[in-house]
Every structure is written in structure tokens, then in C-alpha cells.
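Trainee: Chains as they are written, first to last, in the working numbering: chain A, 1 to 118; chain B, 1 to 118.
Bear in mind the hints are in silico, worked out from the structure with no lab data behind them. Errors might be hidden in some of the hints.
Claimed, not checked - Here's a subset of chain B near chain A, in silico, CB distances under 10 angstroms, partners left out:
| # | residue |
| --- | --- |
| 1 | 25 |
| 2 | 44 |
| 3 | 83 |
| 4 | 89 |
| 5 | 92 |
Said to hold, decoys possible - A few chain B positions that, by computed beta-carbon distances, are all more than 10 angstroms from chain A:
| # | residue |
| --- | --- |
| 6 | 13 |
| 7 | 34 |
| 8 | 38 |
| 9 | 46 |
| 10 | 52 |
| 11 | 60 |
| 12 | 79 |
| 13 | 90 |
| 14 | 97 |
| 15 | 99 |
| 16 | 112 |
| 17 | 113 |
| 18 | 116 |
Cβ coordinates follow ideal geometry from the N, Cα and C atoms, glycine included.
There are 2 protein chains.
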Amino acid sequence: MEQLNLVFAALADPTRRDLVARLACADATVGELAEPYDMSLQAVSKHLKVLEDAGLVTRGKDAQRRPVHLEAEVFDLMTKWIERYRQRAEERYQRLDAVLDELTNEQNQQRTDRKDAS
Amino acid sequence: MEQLNLVFAALADPTRRDLVARLACADATVGELAEPYDMSLQAVSKHLKVLEDAGLVTRGKDAQRRPVHLEAEVFDLMTKWIERYRQRAEERYQRLDAVLDELTNEQNQQRTDRKDAS
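Work the whole structure out from these sequences, hints included.
Mentor: And the structure:
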């Protein structure tokens, strides 16, 4: 899915993950977001554009401030994808465990049978 | 965190997400993995290398087959990161909702007071 490409790519950068982390606490302007970084406003704007293209943030309509807002529901896209395959992998390990348990039980049974026969 | 960069970047590609999805069901060799794609073995190996560098897959030691194995625990890195900020954003919305509720209650109270006074 197209958006999933953009969301994963957007979060592959530590500065963009930091921006998301800060926006989870409060909306902020580009100026406010740029403050702690040793980075130009343009560089921060570029990172925000990547987050915006992925749907992770939106910009407010207040022409002066245009505060940046986190769209946290987009996280669901990722967690749904991750959870589906994590679950599938877990089910597979559980099936493997069950098979191993059965093998161990059979071996124990054979040992007991042999002991009984001797 | 360095690995988080690699994991997010690895999953930003639809072919690599498809490889992960298939490896969640069963280990497979590069040849088996390449089969459904219109892609060279080299191209698939390149994608697998990206997943391997991110720690998402490992290669078996069987020299002939070297089956590819999904390391599903690496998903936890991502879900932990995502969940922390999703939760933070949700708490914030809940606080906003509480403030809005309070404002609405106050307004209703003022209306009632005015009606009582008139």
C-alpha cells in the first residue's frame, strides 16, 4: 500500500521520529519545532513536508502560525500491518512447539515402554 | 536509535514487506522467495540483505539452502516506539475532551442561572 511506503520511510529518520515524539505532546509551529535543533528552518520544513506527505502531520489554517498537528491515527496503518505478521509468526512457533512437545512425549513413552518390557 | 532507522527503512519497500509477510508463514530459500516475482535472484538477494542488516531476517547455516528466517521480535522495537507516542497523543486528546466538557458544563450552568434570574 502506497501510504505505508511513505509512513515507514518518513519514520526511518531520527529527526523526523523526534518531531513526531514532540508533536505527540503538543501542536507546534515550525519555529518552535526548529528551536532545539542545530538545523535551518528550511531543513526542518523539509522534514515536516515528508511527514505531511505520509499523512502523519497536518498544518493548521491560521495563516500566521500554521501550527503542525500530529495525525496519530496513521500509526494504526503500521501497527495493523505489523500485528498481522507478528501474530502469524507466533502461531507458527506455537505449532512448532506443539510438534516438539508431541515428539518429546512419544520418546518418553517409548522409553517407559522399553523399561516396562525389560 | 540506529536499528529503528534500518527497520523502518527496510519496511518502506512493498517487495520487502511482501517478503516479510511470506517469511511469517515459513522459512524459505532465496530461490523459493524469488519465484513469484518478476525479478532476478540478485535483486531479491539485495532486498534480503536490507532486511538482514535491519535484523529482521537471519540466514540458516545449511550451506546448500541457507533458508531465510524471520526474526519477528524485531517488530517489538517498532511497536514499542509507536505505542509510546500514540498513547501520549491519546492522553492529550482525553485532556482536551475533559476541558471541552467542562466548558460546555459551565456554559449550560450559566444559561440555567440566567434563566433562573429572568
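Trainee: Against chain A, does residue 99 (chain B) hold up as non-interface, every C-beta pair farther apart than 10 angstroms?
Mentor: holds (14 angstroms)
Trainee: Does residue 112 (chain B) really sit off the interface, with its C-beta more than 10 angstroms from all C-beta atoms of chain A?
Mentor: Fine: 34 angstroms to the nearest Cβ keeps residue 112 (chain B) off the interface.
Trainee: Can we confirm that no CB of chain A comes within 10 angstroms of the CB of residue 38 (chain B)?
Mentor: Check passes; 19 angstroms lies beyond 10 angstroms.
Trainee: So is residue 79 (chain B) really clear of chain A, every C-beta pair being over 10 angstroms apart?
Mentor: violated (6 angstroms)
Trainee: Does the claim that residue 13 (chain B) lies off the interface hold, with its Cβ farther than 10 angstroms from every Cβ of chain A?
Mentor: Incorrect as stated: the minimum Cβ-Cβ distance to chain A is 7 angstroms, not above 10 angstroms.
Trainee: Tell me if the interface restraint on residue 83 (chain B) is satisfied: Cβ within less than 10 angstroms of some Cβ in chain A.
Mentor: Hint holds; residue 83 (chain B) Cβ to chain A Cβ min 8 angstroms, cut 10 angstroms.
Trainee: Holds or violated: is the Cβ of residue 25 (chain B) closer than 10 angstroms to a Cβ in chain A?
Mentor: Hint holds; residue 25 (chain B) Cβ to chain A Cβ min 6 angstroms, cut 10 angstroms.
Trainee: Checking the smallest CB distance to chain A, is residue 97 (chain B) really beyond 10 angstroms?
Mentor: holds (14 angstroms)
Trainee: Is residue 52 (chain B) truly not at the interface, in the sense that its beta carbon sits beyond 10 angstroms from all beta carbons of chain A?
Mentor: Given that every Cβ of chain A is farther than 10 angstroms from that of residue 52 (chain B), nearest at about 16 angstroms, it holds.
Trainee: Take a quick look at residue 34 (chain B) and tell me if its Cβ sits farther than 10 angstroms from every Cβ on chain A, holds or violated.
Mentor: Answer for residue 34 (chain B): holds, closest chain A Cβ roughly 20 angstroms.
Trainee: So, as I understand it, the hint says residue 89 (chain B) touches chain A; can you test that by seeing if any CB pair is closer than 10 angstroms?
Mentor: holds (4 angstroms)
Trainee: At 10 angstroms, judged by beta carbons, does residue 60 (chain B) keep clear of chain A as stated?
Mentor: holds (15 angstroms)
The structure shown violates the earlier hints numbered 2, 6, 12, 13.
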